[in-house]
Amino acid sequence: MTGPLILGIESSCDETGIGIVRGHELLANEVASSVDQHVRFGGVVPEVASRAHLQALIPTLRRATAAADIDLSEVDGIAVTAGPGLAGALVVGLAAAKALAVALNKPLYGLNHLIGHVAVDLLDHGPLPQPCAALLVSGGHTSLLRVGDITADITEIGATIDDAAGEAYDKVARVLDLSYPGGPVIDKLAAEGNPKAIRFPRGLTAQKDQAKHRFNYSFSGLKTATARWVETERLAGREIPLADVAASFQEAVADVLTAKAVDACEYLGVDTLLLGGGVAANSRLRGLLEERTAAAGITLRRPRPALCTDNGAMIAVLGAEVVSAGRRPSSLEIGADSGMPISTVLA
Amino acid sequence: MSLILGIDTATDVRAGVARDGRPVASAAVENRRAHAEQLLPLVQQVVAEAGVRLSELTGVVVGVGPGPFTGLRVGVAAAEVLAEALGVPVRGVCSLDVIAREWADEGSAPVEFVVVADARRKEVYWARYSGDGQRVDGPFVTAADAVPVLPLAGPGATLTGRSCDGPDALDAAVMAAASERLTEEGLEPLYLRRPDAEVPTTRKSTITTARIGMMGPR
Ligand SMILES: [Zn+2]
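One line per chain: the protein sequences are W and R, in this order.
Each residue of the first sequence is one higher than the one before, starting from 1 at the first, in the working numbering.
Each residue of the second sequence is one higher than the one before, starting from 1001 at the first, in the working numbering.
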């Protein structure tokens, strides 16, 4: 069985991604990242990212069509991230997608980036049971979703009320004088440390938070507590046990992420949890989630690491689903929606 | 036969078509904040008005500014991808040069003049031209009062507090018609300003204050 041939463009943050799929079959997934250009700033600088998107556009497009061994004229539709994300970065991909749609006379589908993180697993593991739950964790998002029909029925049941988990990693890495991005370096360091060395706070897990924030996350307190702890030790002239701090911080993040995700599955009565987003590559998060879902009888699905970080294939495959479901294409007049709500799959 | 599509988003949104060096159709959306929304519909409109199909184009020319960055990138991205998908060449030209060329070709340009565009933040982009439309200095980004006291043209001319003596907007069909006579600038927008971003220098006393507000979804 084949599906529609869709080219997907992603440019919501610091990766320029162009993916090509035929239904659930991955044909190409080319990504150009500007992460190296943001290192010295300790965070993604929107203008730097936007400039890099424009530079990467044509080379990435050429690599993708070559890898998929297709001619652009063969595609059935153009999918593109319409939001959420950095507005100035999104419009580069959006302009490119519209130009392709107009030049090739093919329909345009402006899609929700977050739902792309869910859809990408179709490429690895086929259709999702309906409904299921999804935990998306990255530098920019931390969300718990209920996923029904992926083209029409997604609801957010929880999200971070302050920092994204990946953002907390970046900030703690900075406090520890580690490099950006913080996720991989803290993960590596944590492997050598004792996760029980320091008891850092678990945000929004107190009994009093259950009513309003049962499925919400907060990493701001954890981030501050980690910084204060390190600062206190430094002022006292003590050596900072980097590995222990990293392991204890990471344990706090993974503990609260996984506990709430499993709780959400039970609350929703679903037996499948999907883990997506760049932080899905984190070893402790993955390990603890495997343990806890197994104990709760929940099937854990996770796309291969290369598909967890931002890429064009996730947008392409969501586009293929949308096309297969017979949804109407987007208008050529859609704009970038930096705050696109999760309830909007297609702009 | 040549059939060229011109695109410029350095100020608002403009598209035009020229056949064999003569303007055929030109259109604009005078909105400085809706480039991503308006450009491709405008391209479709102007191509239809010219009575041609996109697949007949033999080339694309795009204004690479200077101008506000986000809008500029919309035009350059669209022009590059249109050209790529249609299999035709694309040229980037300085948007100020187009206005100078237009004034010079009208035959009424003074011996020396300046073309000015809005750079926001109380600044302007400008370049100095000789009467034949050749750029002799610039482009620059400066305070409006640093613009030389010469006859002015361009969408930012009046920001100097003086009057606009020549064309006050770019005509994308003229740009398409003059494509081969305009200096090629490459396809990197003429940013003229470095990205706004500060490298964190000292460790903050608590990281709660170190929020830089730069993170977006990944
Ligand atoms: Zn993402």
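The reader is advised that the hints may include incorrect statements.
To be verified - Short, incomplete list of chain W residues facing chain R, as computed with Cβ under 10 Å: (1) V45; (2) I70; (3) L72; (4) E74; (5) A103; (6) L128; (7) Q130; (8) A259; (9) S324; (10) A325; (11) R327; (12) R328; (13) P329.
Treat the hints as calculated values from the structure; they're not laboratory data.
Cβ atoms here follow ideal geometry from the backbone N, Cα and C, with glycine treated the same way.
Going down the list of hints, with the structure as the test:
Satisfaction of the interface hint for W/V45 is found here, the shortest Cβ-Cβ separation to chain R being roughly 4 Å, below the 10 Å cut-off. Using the Cβ-Cβ criterion of 10 Å, the hint placing W/I70 at the interface with chain R is not satisfied: the shortest such distance is roughly 13 Å. This hint holds: W/L72 has a C-beta 5 Å from the nearest C-beta of chain R, less than the 10 Å allowed. Violation of the interface hint for W/E74 is found here, the shortest Cβ-Cβ separation to chain R being roughly 12 Å, above the 10 Å cut-off.
Of the supplied interface hints, the one on W/A103 holds, with its beta-carbon coming within about 4 Å of a beta-carbon of chain R, less than 10 Å. A hinted interface residue such as W/L128 counts as satisfied when its beta carbon comes closer than 10 Å to some beta carbon of chain R; here the least separation is about 21 Å, so the hint is violated. Given the 10 Å rule on beta carbons, the hint for W/Q130 is violated: about 25 Å separates it from the nearest Cβ of chain R. Interface restraint check for W/A259: the shortest CB-CB distance to chain R comes to about 24 Å, outside 10 Å, so the restraint is violated.
Annotation: W/S324 was flagged as interfacial toward chain R, and the flag is violated, the nearest CB pair being 24 Å apart, outside 10 Å. Because the smallest distance between the Cβ of W/A325 and any Cβ of chain R comes to about 24 Å, over 10 Å, the interface hint for this residue is violated. Proximity of W/R327 to chain R is violated relative to the hint, the smallest CB-CB distance being about 20 Å (cut-off 10 Å). Against a cut-off of 10 Å between C-beta atoms, the interface hint on W/R328 is violated, since the closest Cβ of chain R lies about 17 Å away.
A distance limit of 10 Å between C-beta atoms decides the matter here; for W/P329 the minimum to chain R is near 13 Å, and the interface restraint is violated.
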